[in-house]
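Order-wise, the sequence lines are chains A and B. For the first sequence, the numbering used here gives the first residue as 1, with consecutive numbering after it. For the second sequence, the numbering used here gives the first residue as 1001, with consecutive numbering after it.
Hint data in this document are derived by calculation from the structure and do not stem from the laboratory. Don't take each hint at face value.
Said to hold, decoys possible - So, partial list: chain B residues that the calculated Cβ filter (under 7 Å) puts toward chain A:
(1) 1006
(2) 1011
(3) 1013
(4) 1022
(5) 1024
(6) 1025
(7) 1029
(8) 1042
(9) 1049
(10) 1080
(11) 1087
(12) 1104
For clarity, every value in this text was computed on a predicted model and none was experimentally measured. Ideal Cβ positions, reconstructed from N, Cα and C, are used throughout, including at glycine.
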Amino acid sequence: MPPATSKSVFAMGVRAGAPFILVVVPFAILFGVVATEAGLSVFETLTFSLAVIAGAAQFTALQLMQEHAPTAIVLFSALAVNLRLAMYSAALTPHFGAAPLWQRACIAYLTVDQSFTTSVSAFERHPDWSLRQKMTFFFGACAPILPLWFLATGAGAMIGRRIPDALALDFAVPITFLAIIAPALRTPAHVVAALVAVALALGLAGLPYNLGLPVAALVGMMAGARVELWAERRLLRGEGLGG
Amino acid sequence: MIDKATLWTVIAGLALGSFALRFLFLGLIGNRPLPPWVLRHLRYTAVAVIPALVAPMVMWPKATGGETDPARLAAAAAVLAVGVLTRSVLGAILAGIAVLYPLLYLLG
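Given these sequences and hints, build the entire structure.
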């Protein structure tokens, strides 16, 4: 296979990101609508989306503010939802650590579930990619999603009236996240990590400040790592016994 | 109504906090090599975090007041099944939509 050119790697990123348009747009419209219903202006809603780019945390913050929770609690809960971004940052470090600081800052700002997951699975499939190619893919994956995230938030804020409940836009979030993750369940270790995380997330759903999420995720990661180790050892032992 | 001072404090705090979380490792560790056991855990970041985030939304959707909804449950199962079998994000999304709306219509 000839080495991929920058242009084709960018196009690969765009193709990987493009399916998410289907769900990011309704999700962003929903945020715009809910935010204006909560009394935010179009400008405030857009600033919120532009500065934070994390839908789940934005919804959490909005809901708690409407319940008049103390500001510290609002921030703490929303940031707990976003703790996964620190895990993404750690997982991207082996790939982008060598880039200049300002480029790492750009990547950090653009790290969302979609850009992270599509990039990491592409990097696993193309271990030969250079730093530059990885970066090109990452920005390619952002290109179809993030501009539309802002535009659709604005559109939702301007529509500003109730979208029929029958459209069930709330379910755009689970659908997008499940669609991201299902193709990534490649090995028994991946499946175990996901199952353990799901079981704990459901069991700990009652914990305050969304703390169940980071705990469930961490234990899921530990379970995945453990299964990977066992699988490696069994493979080694199997070879030693000739079977 | 949300108080404006609270709103802007939350927007600014959440913006700075989210960027700090995103930049934490990428910015501070940079090119220093991470130990193998850390890398082994990081490989499972996405497959642990995202299912943990989604599971409560699927089981107890806010839109139904937290009551388990067969249409949403079936749609989630369709997304997962098609995603695992075809490895196609787009196929999985379309399968979810194709199951969700008819069932919402029939059961609702």
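Query - Broken hints, by number - result: Those not satisfied: there are none.
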